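Asks: Chain residues, written in single-letter form:
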Amino acid sequence: MAYSEKVVDHFNNPRNMGSFKKEEDGVGTGIVGAPECGDVMKLQIKVQNDTIVDAKFKTFGCGSAIASSSLATEWLKGKTVEEAGKIKNTDIVQELNLPPVKIHCSVLAEDAIKAALADYQKKADPK
Amino acid sequence: MNGHTHHTDDRRELQMARSMCCHCQSEMAGEYFCDRCVKVQPVSKDLDYFSCFGLPRRLAIDTQVLEAKFYELSRAFHPDFYQNKSDAEQSISLGNSAMLNTAYRTLRDPIQRAEYLLDLEAGAVKDIRTSPPADLFEEILELQETLDEFRESDRSSQHAATLRAKLHTDRTNLEERQRDMEARLQQLFGRWDALQDRGEATEQARAERTLILKDMRDILSNRTYVKNIVNDLVATIA
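First to last, the protein sequences are chains A and B. Per the numbering used here: the first sequence = residues 183 to 309. Per the numbering used here: the second sequence = residues 744 to 981.
Some clues are possibly wrong.
To be verified - Here are the computed lysine-lysine pairs in the DSBU-like style, where the Cα-Cα straight-line distance is at most 30 Å:
| no. | chain 1 | residue 1 | chain 2 | residue 2 |
| --- | --- | --- | --- | --- |
| 1 | B | Lys970 | A | Lys204 |
| 2 | A | Lys296 | B | Lys970 |
| 3 | A | Lys204 | B | Lys909 |
| 4 | B | Lys909 | B | Lys957 |
| 5 | A | Lys238 | B | Lys909 |
| 6 | A | Lys259 | A | Lys309 |
To be clear, the hints were calculated from the coordinates, so they are not data collected in a lab. For clarity, every value in this text was computed on a predicted model and none was experimentally measured.
Taking the hints into account, I'd like the entire structure generated from these sequences.
Replies: This is the structure in structure tokens:
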């Protein structure tokens, strides 16, 4: 089975690869994994005035997992925290044309976004 | 009651998709060929892999029985024997063979067998989802970064030698942990089988069953992460 052109493009030219310092103000970090395949994904957001001004990722896994997280960081930039929470894995599946066996990669990206947002909110509003 | 005891799902003949022959519509006796028109029947999609080989749903299985039954059924369904048959029979032979191959590959490997059993049992036991092992993820990310650093380093430098030595130690430690996990899995497999053999329906037995499944799920996923990073380590520093 061949990867779609968009997956290959994200895989060859990943956007926003890297990381922020976890302790930095306004940074939310999500680290998630897919037990089915052992992929591990780290996704970070940098928030200023409730808007995501930057996002970075590091993914160790297959091409679809890398493409899903790369696309997720592109989409996250410029969104408010609330808007970011509405990104669904199905949007990623559609955009990247993921085959059924790779849907869990998009789920992983959605989980990573949720985890990063939760971490940001926990840091911003510690109770 | 249909008179069956809890042993019914242990030993069942190969289930066919329907009780009627799909070619001549006569009643089927539960074999995979119609006695009347002698044509092959499609295997039921609901059939689980254990029942497919007439094996009890256990984690320790007799692999010789598995292999013998696999060969027997492979011969019965092999597409080569259906070349001169109708399109319908050819397509059934192909479908049955594909299912059989997947079933055999899955059950042959103890880890895949356990993963499969968990999938089967997950319907019965909800919430086997495990919490992500945060410490392990941190460790893996850190290791991957060291691996990247090593890949980009000048292999003849002192720095590369230091990194290689560190990665080598990490590899030994992780392999040790993987073995440890596999030993713990073996124990859980034994406990699962013993519990099934006792066949109790008490509250306590149900609780133990849920616990065993959850522990298996946990260790199996952690093992996958560890195995992946070990593979990366081996490929890079070999």
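Asks: Would you mind marking each hint as holding or not holding in the structure?
Replies: These are the hints, each one checked on the structure:
For the proposed pair Lys970/B and Lys204/A, the alpha carbon gap of about 27 Å is at most 30 Å, so the pair holds. Taken as a hint, the Lys296/A and Lys970/B pair is honoured in the structure, with Cα atoms around 27 Å apart against an allowance of 30 Å. Distance restraint check for Lys204/A and Lys909/B: the Cα-Cα separation of roughly 25 Å lies within the 30 Å cut-off, and the hinted pair is therefore satisfied. A C-alpha spacing of about 34 Å is found between Lys909/B and Lys957/B, which places the hinted pair above 30 Å, so the restraint is violated.
Of the pairs offered as hints, the one joining Lys238/A and Lys909/B holds, with about 27 Å between alpha carbons and a cut-off of 30 Å not exceeded. A distance of roughly 27 Å separates the Cα atoms of Lys259/A and Lys309/A; the hinted pair therefore holds under the 30 Å criterion.
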